[in-house]
Amino acid sequence: MQEYRMHLMLCAGTGCVSNRAFDIEKAFNRELEKHNLQNEIKVIDTGCQGFCERGPIMIVQPGDIFYEMLDEKDIPYLVEEHFLKGRPVEKHMYVPKDGEVPIPKLSDIGFFKKQKLIALANRGLINPENIDEYIGREGYTALAKVLTEMTPEEVIKEVKDSGLRGRGGGGFSTGMKWGFAHNSPGDEKYIICNADEGDPGAFMDRSIVESDPHVILEGMAIGAFAIGASHGFIYVRDEYPLAVERINKAIKDAREYGLLGDDIFGTGFEFDVSVNRGAGAFVCGEETSLIASLEGNMPEPRVRPPYPAVAGYKGKPTNINNVETWANIRHIINRGAAWYSSIGTETSKGTKVFSLVGKVNNTGLVEVPMGISVRDIIFDIGGGVMNGKKFKAVQTGGPSGGCIPESLLDTPVGYDTFAAIGSIVGSGGMIVMDEDNCMVEVARYFLAFTQAESCGKCTPCREGTRHMLDILTRITEGKGKEEDIDILLEMSELIGATSLCALGATAPNPVLTTIKYFRDEYEAHIKEGKCPAKECKALIQYTILPDKCTGCTLCARDCPVNAIAGERKGIHIIDPEVCVKCGICKAVCNFDAVRIES
Amino acid sequence: MIKYVLNGNIIEQEETTTILESASIQGIKIPTLCNNEHLTPFGGCRLCLVDVATEKNPDMKKLMPSCTAKIGEGLIIDTHSPKVIQSRRFILAMLISRSPKAEELRSIAKEIGLPEESSKQTAAEKYLFNDAPSIVNTNCILCGLCVRACAEIPMRDAISFSARGMERTVKTPFEKYAETCIGCGSCAYVCPTNTITIEEVV
Numbered sequence: 001m002q003e004y005r006m007h008l009m010l011c012a013g014t015g016c017v018s019n020r021a022f023d024i025e026k027a028f029n030r031e032l033e034k035h036n037l038q039n040e041i042k043v044i045d046t047g048c049q050g051f052c053e054r055g056p057i058m059i060v061q062p063g064d065i066f067y068e069m070l071d072e073k074d075i076p077y078l079v080e081e082h083f084l085k086g087r088p089v090e091k092h093m094y095v096p097k098d099g100e101v102p103i104p105k106l107s108d109i110g111f112f113k114k115q116k117l118i119a120l121a122n123r124g125l126i127n128p129e130n131i132d133e134y135i136g137r138e139g140y141t142a143l144a145k146v147l148t149e150m151t152p153e154e155v156i157k158e159v160k161d162s163g164l165r166g167r168g169g170g171g172f173s174t175g176m177k178w179g180f181a182h183n184s185p186g187d188e189k190y191i192i193c194n195a196d197e198g199d200p201g202a203f204m205d206r207s208i209v210e211s212d213p214h215v216i217l218e219g220m221a222i223g224a225f226a227i228g229a230s231h232g233f234i235y236v237r238d239e240y241p242l243a244v245e246r247i248n249k250a251i252k253d254a255r256e257y258g259l260l261g262d263d264i265f266g267t268g269f270e271f272d273v274s275v276n277r278g279a280g281a282f283v284c285g286e287e288t289s290l291i292a293s294l295e296g297n298m299p300e301p302r303v304r305p306p307y308p309a310v311a312g313y314k315g316k317p318t319n320i321n322n323v324e325t326w327a328n329i330r331h332i333i334n335r336g337a338a339w340y341s342s343i344g345t346e347t348s349k350g351t352k353v354f355s356l357v358g359k360v361n362n363t364g365l366v367e368v369p370m371g372i373s374v375r376d377i378i379f380d381i382g383g384g385v386m387n388g389k390k391f392k393a394v395q396t397g398g399p400s401g402g403c404i405p406e407s408l409l410d411t412p413v414g415y416d417t418f419a420a421i422g423s424i425v426g427s428g429g430m431i432v433m434d435e436d437n438c439m440v441e442v443a444r445y446f447l448a449f450t451q452a453e454s455c456g457k458c459t460p461c462r463e464g465t466r467h468m469l470d471i472l473t474r475i476t477e478g479k480g481k482e483e484d485i486d487i488l489l490e491m492s493e494l495i496g497a498t499s500l501c502a503l504g505a506t507a508p509n510p511v512l513t514t515i516k517y518f519r520d521e522y523e524a525h526i527k528e529g530k531c532p533a534k535e536c537k538a539l540i541q542y543t544i545l546p547d548k549c550t551g552c553t554l555c556a557r558d559c560p561v562n563a564i565a566g567e568r569k570g571i572h573i574i575d576p577e578v579c580v581k582c583g584i585c586k587a588v589c590n591f592d593a594v595r596i597e598s
Numbered sequence: 599m600i601k602y603v604l605n606g607n608i609i610e611q612e613e614t615t616t617i618l619e620s621a622s623i624q625g626i627k628i629p630t631l632c633n634n635e636h637l638t639p640f641g642g643c644r645l646c647l648v649d650v651a652t653e654k655n656p657d658m659k660k661l662m663p664s665c666t667a668k669i670g671e672g673l674i675i676d677t678h679s680p681k682v683i684q685s686r687r688f689i690l691a692m693l694i695s696r697s698p699k700a701e702e703l704r705s706i707a708k709e710i711g712l713p714e715e716s717s718k719q720t721a722a723e724k725y726l727f728n729d730a731p732s733i734v735n736t737n738c739i740l741c742g743l744c745v746r747a748c749a750e751i752p753m754r755d756a757i758s759f760s761a762r763g764m765e766r767t768v769k770t771p772f773e774k775y776a777e778t779c780i781g782c783g784s785c786a787y788v789c790p791t792n793t794i795t796i797e798e799v800v
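Protein chains in written order, with the working numbering: chain C, 1 to 598; chain S, 599 to 800.
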């Protein structure tokens, strides 16, 4: 095997690839060859490294040098300076704030420092398309251990004792769920990996499948052994082409190595996996809908019980877990339940992967120990709110979750702590909002999502979310009525209690939490016709401040509807009748002369 | 023998049935729109929700559809608790708002005590009766009885659900004349709101 003195771990996750990571790779290979370094230094495509905001990124090993925002044209200089002359290039290093000193090492960067990697343990360290690299990182040793040293009961006990709870949103004990499927009578059982991630702004599962596909196969094989299944399905959305490609490659490689198929490790254990591409219905995140879809039926949930552990795919006992849950399994087996349960809080063990998005400086994927405060995630890891704006709220758990206001930022991350304040951990979306976000609009946005994704099978979710959306829309349009808050609260409670599946039952959460923590904003819309965040178009007006306007004509020229009148060097005026409130004038004005009034 | 509590009375029953059936044996009527004893339970209309708790945790009540949930040892079931009534009123108010002309809905409203006078309605009910914009012009409440009847009685699958959410409708394949329809009338027979009519083909 060829040895190299240096590895360039180039991120080939979706974010970096769309920022031309592959062109950068070509440029590196070209330059390395030019300097005859191709036998000394190797570029390796890794999975998502998490710091998506700064992509394309690359880590130089050994040395742990972190490069960000790589640009094809800078590669010749970078290769010459760093790899020939040994001088790391500051231009592409991470700078926390303008004017501060660049931080060369990944391990010193705030974004990475407070993270703890278990599900993402191979992040940035292996090529996801190379099974040998996965095996080199203790890959498939947990499966070997399970098949040669443990009984299914022992495996289930280990997972149960670890305290691992479903990472897809439900938060149910994984070990207990496996126990149910194990105890369910039947010769034919199935195991399913739910990779149908559908929350707006969430990309944890996608990233794990793309960056470490074998970790899922190994986890599923262990789960299959535990419950007594011989076939597994991976239900992955077709909108994730790279994930589909990599999981298929991983399955092919694992079969060739005898890690899937008949007689695995010569133990007689038989297990294989097939991939099912989902068409992108949010309701398929619900396990009975997913099974219906897998069977070729309309993706609709059905009433539980019977739970899939008793009657799932084709009526056979079936166990479904989410991608991130599967990614934890091999570590629990290899390092033990005691180790895993030593991380986290009393009721929430281990780590959780969050996709940190919205108005936060360091957008990306972070894995943190349970129990860390929301504040630490947003401010220490996330680097705070963008453009120096004031933090307002963070929506956790996607459209099924709730808003956490500033006063509750010190809440520790955990299933029960989040539930106590009206939100959920969910699958791990974390959308940061600043002072410019109208919380009524936020609630309306999320409800519009769930309403559009409701399958329509049960009355409260189908009809109820639509009525709530109508009311929220009329409030944001300034047509809200006195009784609207009461109606929303009553409907929220009843839809939550009566819906068939979790999609409907959790849909009111964004509304409930925004009313609870930001009721004054609702009241301002309804009673005063004002949008305090100045976001709702029907309630705002753009005006030009006469004392600041220099008459440069820029706004008038850029206005798409010719709503601005004014002579060169004269004060400009916006005609409110014509203005469509697109905000271009405010964005282009160099003198801060455009104001939004509500 | 299964022993459980129904509306405060201890019930003993030989075989496992749904809560809906067991209550019916006891002479307790639970309203439902999407259930028919000859068809696979659906659990969609949510009108038949009942409060279910266990002896161990009598205060941990959960609303369950009685058409699919089964009776079980030690269950405490309440078919007419204030929470159940409130939920049923809400479900029915939403269906009336959707299909105001469906008479069957109005008669169930009377049965379960959903008043038509604004003064006796909750904020949400008032909205649903008077203020909510009507966006579908149909008496079809999407209970799915017709779809199941067609699939399970003549086994023709001539109609099915199409699209999702508020756009959901019952349609023939590609909205064309259904080749498999034998004109048996099962769908029209089970429809609770008389939305399906049968025409003679000459």
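Be careful, since some hints might not be right.
[Unchecked claim] FRET-style restraints, in silico, Cβ to Cβ:
(1) G296(C) to K660(S): 52 to 58 angstroms
(2) I623(S) to G258(C): 53 to 59 angstroms
(3) C779(S) to G296(C): 21 to 27 angstroms
(4) N248(C) to P771(S): 31 to 37 angstroms
If you're looking for bench data, these hints aren't it; they were derived computationally from the structure. A quick note: this is a predicted structure, and the numbers were derived from the prediction, not measured. Beta carbons are placed, not taken as given, at the ideal position from N, Cα and C, and that holds for glycine.
Practice prompt. Kindly indicate which numbered hints from before are broken by the structure, ordering the numbers from low to high.
Written response: Going through the list in order, the structure violates hint 1 alone and respects the others.
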